[in-house]
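Colleague: Chain by chain, the residues:
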Amino acid sequence: MFKKFTKEDIHSRSKVKSSVQRTLKSKLVAQFPPLEEVIDELIPKKSQIELIKCEDKIQLYTVDGEVYFFQKFDELIPSLKFVHKFPKAFPTVQVDRGAIKFVLSGANIMCPGLTSPGAALPEAPGYEKDSIVVINAENKEHSLAIGKLLMSTEDIKSINKGHGIEMIHHLGDPLWNFSIE
Amino acid sequence: MSGLQSVLYCGVCTYPIEYCEFSGKLKRCKKWLLDNHPDIYPKYYSNDSKDDELPAVDSSIGVEREEKLEKSLKKLELKEENKEKRELEKKLSSKIIIKRESRTKRKSIVVISGLEILEIDMKKLAKTFASKFATGCAVSKNAEKKDDIVIQGDVLDQMDSYIHGLLEQHGLKNVKVEIIDNSKKKKAEAPKPTK
Ligand SMILES: [Zn+2]
Chain V
1 MFKKFTKEDI
11 HSRSKVKSSV
21 QRTLKSKLVA
31 QFPPLEEVID
41 ELIPKKSQIE
51 LIKCEDKIQL
61 YTVDGEVYFF
71 QKFDELIPSL
81 KFVHKFPKAF
91 PTVQVDRGAI
101 KFVLSGANIM
111 CPGLTSPGAA
121 LPEAPGYEKD
131 SIVVINAENK
141 EHSLAIGKLL
151 MSTEDIKSIN
161 KGHGIEMIHH
171 LGDPLWNFSI
181 E
Chain A
1001 MSGLQSVLYC
1011 GVCTYPIEYC
1021 EFSGKLKRCK
1031 KWLLDNHPDI
1041 YPKYYSNDSK
1051 DDELPAVDSS
1061 IGVEREEKLE
1071 KSLKKLELKE
1081 ENKEKRELEK
1091 KLSSKIIIKR
1101 ESRTKRKSIV
1111 VISGLEILEI
1121 DMKKLAKTFA
1131 SKFATGCAVS
1141 KNAEKKDDIV
1151 IQGDVLDQMD
1161 SYIHGLLEQH
1171 GLKNVKVEII
1181 DNSKKKKAEA
1191 PKPTK
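Here the protein sequences come in this chain order: V and A.
Positions 1 to 181 (my numbering) are the ones given, in order, by the first sequence.
Positions 1001 to 1195 (my numbering) are the ones given, in order, by the second sequence.
In case anyone wonders, no lab produced these hints; they're calculated from the structure.
With a cut-off of at most 20 Å between alpha-carbon atoms, the simulated DMTMM-like pairs for lysine to aspartate or glutamate come out as follows: (1) K101/V x E1066/A; (2) K1123/A x E66/V; (3) K1127/A x D1154/A; (4) K1132/A x D1121/A; (5) K72/V x E8/V; (6) K1146/A x D9/V; (7) K1090/A x D1147/A; (8) K101/V x D1058/A; (9) K140/V x E1053/A; (10) K1068/A x D1052/A; (11) K1145/A x D9/V; (12) K1145/A x E8/V; (13) K1099/A x D1154/A; (14) K4/V x E1119/A; (15) K1173/A x D1160/A; (16) K88/V x E1018/A; (17) K1123/A x E181/V.
Covered by chain V, according to a simulated footprint, are these stretches of chain A (three or more residues, beta-carbon under 8 Å): (18) 1014–1028; (19) 1062–1072.
Ideal Cβ positions, reconstructed from N, Cα and C, are used throughout, including at glycine.
Kindly produce the complete structure, drawing on both the sequences and the hints.
Modeller: The structure is reproduced here in C-alpha cells:
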C-alpha cells in the first residue's frame, strides 16, 4: 500500500476537531476492543490528531508528527509504531524465520510461511477473511508487518498454499520512514 | 503506571533491534548498539562476535535453510555497502554553488544550489539560515526541479564558511563549493565617492 509513497503524495493537512477526535478514538476501540484501557494514554485528550489526505484516497492520522493509524476505506488500520506501543490489542499471526526477509521486501505472505513449525496461527475459530492482522516473526519480540487476511486463518491451515495475507505495511517501507512536522 | 511499551529502535536501520540482521547494515547496527546501549548488546550478540556475525538464534527452519538465509543476508549486506559507497561517491563528485545576484543597485541575494546531498529538510535549513543571518530566506525550485535556497542580503562570505562547516558535519568535507559572483561588476563601479 505504501510501496511508492512519498511526501509528494500529500494533498492536504488539517487538524481534526475535538468531536472528530473522539469519534476516531471510539472507532479504534470498537475495532480493537483491548485498546480501551490505554486509548486515553495513547491519544490523550490534550493531544491533537492531524489528518493528512494523500494520493489514492489514503488518509493518514498523525499525533505529534508520527502516523498512528490510517485508512483507505472505512476501517482504521494501525501503523506499526502504534502497534508496538500496545501490541496485545491486535489480532496477531506469526511467520517463520524463513519468511522474514520476504515480508520485509513487501511481498504478500504465502500460507506455508504461516503454518510451518516456526509459525503460529490462532486456534479455531481464528480470524475471518479480510481481517487486519499484525504479523510477528519466529523468535522476534516485535511485530514486523501489518496485513489483511486473504483467507480465514482456518482456510490458511487447511488449504496451505497460495497467498494468505496481503501486505499493507512493513518495517522499512515509506510509511515506516514517514514523519512530518 | 503506563500500560504502553516503548521499543528501542536501531539508530542505523530504524528497525526494532532484533531485526537488524535483516537490514543489510548489520555491521554498523552492531557498532551503534555497542556504542549507545552496551548494556543491551550482550542480549543479542556475544561480546566477542565478529562485526558481521548474525545473532545466535533458535530457528525452526533447519540448518540447511538457515545457512542459505545467512548467505543471502551477507549478500544483502554487501549490496547495501556497495550502494552506500556509490552514493557517497556520487555526492563527493557533485558540487555546491553559491551565487550572488544583484537585485537592485544596493541589494543583492544569494542563491545556493546542490544542498540536497546533505539529505536534510530544505525548509528547515532555510529557517536556520533565516535566523542565523537575520534575514529572509526561502526555498525555490530551480530549472532542474531541485531545491535552491534563496537568501536576501549580501551574505556571500558568511555563507561560504557556513556551508563548509555544514559539509564537514555531514562527512562531506571534500565536496566542491563554487562561488559565482554576478554582482561584482556593479559593485566595482559602485564605490565612487559621493560628495
Ligand atoms: Zn539496525
